[in-house]
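Colleague: If you want the building blocks of each chain, they are given just below.
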Amino acid sequence: MEDILQKSLGCNGYQDIRFEDLITTSIHFMGKHLDNISINRQRGGHARALLGGGWGTFSFSRDQDTPKALENALQATRLIPGTLELAPAPVIQDTIHVQTDSDPRPINVKEKKRLLEHYNNLALSHKDIHTTRAVYKEIFRKKHFCNNEGTEIYQEQLLVSIQMALVARRGNIIQRVGLSLGGSPHFSSLLGQEALLEEKIKEVRDLVQAEPAQAGHYTVILDPECTSVFVHEAFGHLSESDNLSNNRNLQKVMQLGREFGPAILNIVDDPTIPDVPGHFKYDDEGVEGTRNELIREGKLVGRLHSRETAAQLGEKITGNSRATDYTFPPVVRMTTTFIEGGPHTFEEMLAGIDEGLYLKEASGGQTSGEFFTFDTQLGYQIINGKLGPMIRDASLSGNLFTTLQNIQMIGDDMVISKSGGCGKANQLLYEVGMGSPHLKIQDMAIGGK
Amino acid sequence: MKNLLDRGKKLADQAEIHVVDCKEIPVTYDQNTFKSINKKNTRDISLRLIKDSCLGFASTTHLNDTEVVDRALEQAPFGEDVAFDFPAEHPAEDTVIFDQRLSRITEEDLIEHIYDTIDAVAAYDASIPLRIQFISREITVQIANTNGLHQEYKKTALSASIYTLSPQGFIESICYYAAGRLFRIPDGAIKNLIQRHQQAQTRLPVPTKKMPVIFTPRAFGALIYRLLEAIKGTNLNTGVSPLEDQLGETIFDTNLNLKEEPHKPYGLFSCPVDDEGIPTQGKEIITAGILKSFLYDLKTGTEAGKESTGNGFKRSLIGEGFREPPTPHATNLFIPPGTRSLNQLINQMEEGLLVDTVMGAHTGNIFAGEFSLNVGCGYYIKNGNIQGKAVDTMVSGNIYEVLQEIPDYSSELGLLFMFEPMGYGPDVLVSSVSVTGKMNE
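These protein sequences, in sequence, are chains A and B.
Mapping the first sequence onto this note's numbering, position 5 (from 1) lands on 5, and the numbers just tick up by one.
Mapping the second sequence onto this note's numbering, position 437 (from 1) lands on 437, and the numbers just tick up by one.
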């Protein structure tokens, strides 16, 4: 198959082909019931061609479509002439195998199910846990990439994780707290996490007794998980250059050197950190992923690129062109995006807040570029510099530019999250990660009751 | 297909195979240039087996990948216990969802459609930067099982999204059109897009208080989504739905009606059978505020001691759901329109908000009906007129509280949305919603 693809590469303009073989194992529990086990295999390819104008691409899974895949892509790009160019990229020939000392693939499904069931039963054995949702997911990708410049890459990626949601209920109040394990290629990273689970069980038990957050504007402290979602939604997406490559006005807004936040703020995107969801070697156009500083001492110093956007903005390639699988063209996306640890302790952050909120447990967010929003499920009031009663259902929203300026303190406790995932451009990609320390922001809009 | 079914029958008690072929042509235009044509021609195959009352599931992309049967079989012994059989064939209602002309559409035609759209906008204002995407899609679905069922249908769809961009380059106003057949975007829709774009050039903070809110169908889908999650068998059977004992009870304003119309000609989610081969059924979900139906597939229906309601679909919120077993989902939803136009509703409002797009629809305590939505495209209304775009604004509440008072609906129908379209409805006026803004009063 790969040979057929490679042979069909021609010398007209730019042409590339990805061929992917993906095996996904999922096990789902809902409450005490096993909801499903599925083992899915997808094989298919994606051909791209560029003859100066717009991209012509063709996704396919049927074998008979393979030989004419590039022809289809070429026919499409011919219809949309123009002057698009790609930034030059080194020609690479490389083979990357999964590195793991605890490979989940040879372990049989029965044992994986037993592990998930163990955690699930542990949660359900607490009488206050109303129900659960528990998901084991193992994604193994074999990806071939070649282009007509001579690059040929074979790359494997493996990600194994357990995600749990613990639900408690008091009358009509139903609350949920999440737990993520793994996020690496090692099965061993899923083992021995009972203490963490017990901690989460206690949180959700308390949460149904908590009052909802009152809407208003507060000084808030976000825990590392919330800060991670914040940096992903509020800043990360805007650093993806496909938003601004064709947009002179936004380019002015996003000028390098512009001050985005206080001098203690440093934001980095780094796919080279191993054993976290956002780790990989080469992106889906054969460019090596690199550590990129996005904000240094409060100033915008970099952004994420594909070869196309790097050429349009006259900047260096970064290796961020990524697709969920062969059914999609690659788009510019984050890898592991995080705020670097700062100088402040949690106690220093609490001090001086007369009335504020400490928010934990992010539950998803979204951005429109300029505005972002995300929900938290659990938090605490801060009263006169001390943590007060627990609160629930606070959601944050704001304008990216003003919110980054409102950052007051950055914690010294950076952690990279075990869970990842992002649904940009309708492409749900699990291998997008995030991290951060605690963060203190003033004048944050909180929606609640 | 037969080879997989035969192999499944030989190795297990029952087998079911579901094949979806998808042909798609998206053409994307972004501010003076065509960005891309991303053609797609893919196949997805999923297989379910029942052996000794245990269910196995696996999927593949190739009919000659007979190992898919072994993968499903491998997990069946410790798979879930099921009490249902794959269904025998029942006659399904003829559903008109295939448009010959649309099935022949080419990328050249779609490029023409985009040029026409650019001209239509330019007739009002040629200076507004635009992003436009047209997508044509043709899907062939086949479902067969070892109990004699074989269902097959083809459907077509066309969608058009037009975005105007703000001076800063962010999305300012949106026009989205989609149907199961070829269409021309009506001039009224373009006119409306331009009007909203112009209104958005004035940006206003709004006060923090409870006020009446008009949700366009695009935004109202986020509220309906919370109801749909609560009436799905999956969530009823696990006790996370607050509606488990509310069937036949009045849960909303008596002015609220919501139906499911799976046989509407060329409806986006119209189909004769669900993904388990069971005929779809038109049904009332909310009638005069009373909860009338729950949504079940084979599995959750059987668990609840009921029949499947023909709502077993492989669908997920983001992306495609082919690779997981079916769960209950609604087909075409329909909320009947009112008699007055959206403009009349606006004109009669002393102070309020028109909300057209929201962010964060998938987050928060969905089951409990809570919503806390950041307003993307929203407009502040004072003394019967739109004053400008509402910035830094959130709307929040609980659907079981705020939907107790719905004084009116507009006469215009649009698409209900939850990331993807989910059906049809009018603009909905809700009496009192908690709005958080940044205006100092």
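Hints were generated in silico from the structure; no laboratory data involved.
Glycine is no exception: its CB is placed at the ideal position from the N, C-alpha and C atoms.
It is possible that part of the hints are untrue.
[Claimed, not checked] What follows is a set of in silico ranges between Cβ atoms, one per label pair, in the way DEER data are often shown: (1) 402(A) with 161(B): 22 to 32 Å; (2) 106(A) with 147(B): 52 to 62 Å; (3) 108(A) with 307(B): 52 to 62 Å.
[To be verified] Cut-off 27 Å, straight-line C-alpha distance, at most; resulting in silico cross-link-like pairs (BS3-like, lysine-lysine): (4) 51(B) with 32(A); (5) 202(A) with 137(A); (6) 68(A) with 32(A); (7) 110(A) with 51(B); (8) 23(B) with 113(A); (9) 110(A) with 10(B); (10) 232(B) with 68(A); (11) 232(B) with 113(A); (12) 424(A) with 23(B); (13) 210(B) with 110(A); (14) 137(A) with 154(B); (15) 32(A) with 232(B).
Colleague: If a hint holds in the structure, say so; if it doesn't, say that too.
Modeller: Verification of the supplied hints:
For the pair residue 402(A) and residue 161(B), the supplied restraint of 22 to 32 Å holds, since their beta-carbon distance comes to about 29 Å. In this structure the supplied range 52 to 62 Å is violated for residue 106(A) paired with residue 147(B), their Cβ-Cβ distance being about 36 Å. The beta-carbon spacing between residue 108(A) and residue 307(B), approximately 36 Å, falls outside the hinted interval of 52 to 62 Å. At roughly 21 Å between alpha-carbon atoms, residue 51(B) and residue 32(A) fall within 27 Å of each other, so this suggested pair holds.
At roughly 25 Å between alpha-carbon atoms, residue 202(A) and residue 137(A) fall within 27 Å of each other, so this suggested pair holds. Restraint check for residue 68(A) and residue 32(A): not satisfied, since their Cα atoms lie roughly 49 Å apart, outside the 27 Å limit. For the suggested pair residue 110(A) and residue 51(B), the alpha carbons sit about 16 Å apart, so the restraint of at most 27 Å is met. Taking the CA atoms of residue 23(B) and residue 113(A), the gap is about 36 Å. The hint is violated against a cut of 27 Å.
This hinted pair checks out: residue 110(A) and residue 10(B) have alpha carbons roughly 23 Å apart, not beyond 27 Å. A threshold of 27 Å between alpha carbons decides the hint, and for residue 232(B) with residue 68(A) the separation of about 43 Å lies outside it, so the pair is violated. Restraint check: the Cα-Cα separation between residue 232(B) and residue 113(A) comes to about 25 Å, which is no more than 27 Å; the hinted pair holds. A C-alpha spacing of about 22 Å is found between residue 424(A) and residue 23(B), which places the hinted pair at or below 27 Å, so the restraint holds.
For the given pair, residue 210(B) sits about 53 Å from residue 110(A) by alpha-carbon distance, which is inconsistent with the 27 Å threshold. With a C-alpha separation of about 33 Å, the suggested pair residue 137(A) and residue 154(B) falls outside the 27 Å cut-off, and the hint is violated. Restraint check: the Cα-Cα separation between residue 32(A) and residue 232(B) comes to about 18 Å, which is no more than 27 Å; the hinted pair holds.
Hints 2, 3, 6, 8, 10, 13, 14, counting from the list given before, are not met by this structure.
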